[in-house]
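Take a look at the letters that make up each chain.
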Amino acid sequence: MTLLAVEDLAVSRGGMRAVEGVHFSLDAGQALILRGPNGVGKTTLLRTIAGLQPPVAGRITIPDDAVAYAAHADGLKPALTVAENLRFWARVFGGQGIAAALSAMDLQALAERPAAALSAGQKRRLGLARLLVTGRPLWVLDEPTVSLDAASVARFAGVIRDHLGQGGAALIATHIDLGLSEARVLDLTPFRARPGRTAQPSGFNEAFA
Amino acid sequence: MIALLARDLRLATRAGGGFGLGVAFFLILSALVPFGIGPDRAALAPVAPGILWIGALLACLLSLDRIFALDHEDGSLDLLATAPLPLEGAVAVKALAHWITTGLPLILAAPIFGVLLQLPPAAMPWLVLSLLLGTPSLSMLGAFGAAITVGLRRGGLLLSLLVLPLYIPTLIFGAEVTRRGAEGMAVQTPLVFLAGITLAVAALIPFAAAAALRINLR
Chain A
1 MTLLAVEDLA
11 VSRGGMRAVE
21 GVHFSLDAGQ
31 ALILRGPNGV
41 GKTTLLRTIA
51 GLQPPVAGRI
61 TIPDDAVAYA
71 AHADGLKPAL
81 TVAENLRFWA
91 RVFGGQGIAA
101 ALSAMDLQAL
111 AERPAAALSA
121 GQKRRLGLAR
131 LLVTGRPLWV
141 LDEPTVSLDA
151 ASVARFAGVI
161 RDHLGQGGAA
171 LIATHIDLGL
181 SEARVLDLTP
191 FRARPGRTAQ
201 PSGFNEAFA
Chain B
1 MIALLARDLR
11 LATRAGGGFG
21 LGVAFFLILS
31 ALVPFGIGPD
41 RAALAPVAPG
51 ILWIGALLAC
61 LLSLDRIFAL
71 DHEDGSLDLL
81 ATAPLPLEGA
91 VAVKALAHWI
101 TTGLPLILAA
111 PIFGVLLQLP
121 PAAMPWLVLS
131 LLLGTPSLSM
141 LGAFGAAITV
151 GLRRGGLLLS
161 LLVLPLYIPT
171 LIFGAEVTRR
181 GAEGMAVQTP
191 LVFLAGITLA
201 VAALIPFAAA
211 AALRINLR
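Heads up: the protein sequence lines correspond to chains A and B, in order.
According to our numbering, the stretch in the first sequence is residues 1 to 209, in order.
According to our numbering, the stretch in the second sequence is residues 1 to 218, in order.
Don't take every hint at face value.
What the hints assert, rightly or not - List of simulated lysine to aspartate or glutamate pairs, DMTMM-like, C-alpha gap at most 20 Å:
| # | chain 1 | residue 1 | chain 2 | residue 2 |
| --- | --- | --- | --- | --- |
| 1 | A | LYS123 | A | GLU84 |
| 2 | A | LYS123 | A | ASP149 |
| 3 | A | LYS123 | A | GLU112 |
| 4 | A | LYS123 | B | ASP74 |
| 5 | A | LYS123 | A | ASP106 |
| 6 | A | LYS123 | B | GLU73 |
None of these hints come from the bench; they were simulated from the model.
Note that the structure is a prediction, hence the values are computed from the model and not measured.
Same shape as in the complex, but just chain B:
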């Protein structure tokens, strides 16, 4: 499993691996929003938590189809399926690799982009914490979508349609944590819900995604 994680991370950071693509997209989105609705603090600050979370979600979506599609094309997925490694473990590891290469840079960059969107300083720790708790579930759900669409040509669009609705609970509670943090309200309830969603997703999705992969490999 560690071998698979190390390989996926190495592939992501080599030429053509797409590392940093998500952060660049997130940056452009955060820079565009003030142009769209004006740099006025009173207009930007209320929408900043939602925009930041939607930005993170879309940036995550960009690289989802790579989770399994490339391995399917070059035959690695067939070979992984016959390897001693359980397919559920392979799914979990590949989702983890996706989170490290996409989710983690987003979390680190988010406070900087928060400044672009006039997010109050008090909300910064909550933004980071909510992303830290929420983005693993984005990668996991994405791995499930990628497993369902793995054999399809141009599966990326279908993948987005399948996965985005599944992101709604994470988005609601993640943005709510940040919004409440900005207004100095208690954040415990949405935070607990967010963590609960991520834990449930991490526990169930590997089995669902591995079952989808097995069917797609037939």
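Bound conformation, chain A alone:
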């Protein structure tokens, strides 16, 4: 089953085209790693696929309610405990399995601790545990391993592998090696938009180029 199909996609950031002509698809059980230098448009591409901004051109085909998005900010409330944070997202997304998510990211011992008292890496682990309670098949991850130690990165790679094994899919922008040997890699550098072209109205600008 195809969870994500992207055709001739162009995205823009702040009115400037970032990448264009991007083309890939992702089936259940597959992972795709996006690479490319800083500023090429990985985050913008992921936000567009998550539905947070409209594409400039091209088409994104995703089943309804399939995307779980995780970015630099984890969406945690410092005044709530680890379990409360997770329970809230589980209820919003209609998912479950809080205990399983806590144990998958090795957070059981911290369950009753306020999120304000967590270290950066622990917060990140909690942010990633949220993916498990959403119950959504397509994970769109923007630099998921920031501030994780090596053991946690390996643990998270195992979580992704389990997710793929259960018919999920993952689209990951990262600079480090996650150890997911089965994942395909897409380098965005060749898709970088030609400089000097603004996003809109592109037709108008082409006429005067």
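For this one, chain A is given, so just place chain B on it according to the hints.
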């Protein structure tokens, strides 16, 4: 939606949530006015309805920027936007949570502060009723202002400038209900207008605010 409401209420009542801030501000304002214009009943009673309503309005304003700014900072807003919950529903729920934590305590405390301002006892029920009908629209309009200014640094001041003019109709009819109640006149007309404004705001604002949020999230 209930999960979001429960979370916002819990956050407001935990440390640093700002619960009670509005009431404390309202109290200080009501206590300061007699110092400013003298404790004389003849001077205070005519202005009491207006002062009480302006106090409630400013107290409401204090906590408006928290409606979306904190969720935007920590990334929750991005995640809510990708959640199965419609963004319009999230806006309505967050405005409701703001009203419960700010508007409702103001309504309960208002009769006490009315005494400080020498408001005639006959006007007390009308003060409470007018606040009950009017404060939900203050929270809703505030949510709209907060949605427009969500990505801005120091957006609080701009938020006040945007929202205060929108509060004028509610203020006029709310204070008028209380004033007429104090003088024993018929209150039906301003009361109906006040309820109408609140209903219109509650029906339209979630869509406007959600559209503003979507643009700000890009």
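Query raised in the report: Which numbered hints turn out to be false for this structure?
Result: As far as the earlier hints go, not one is violated by this structure.
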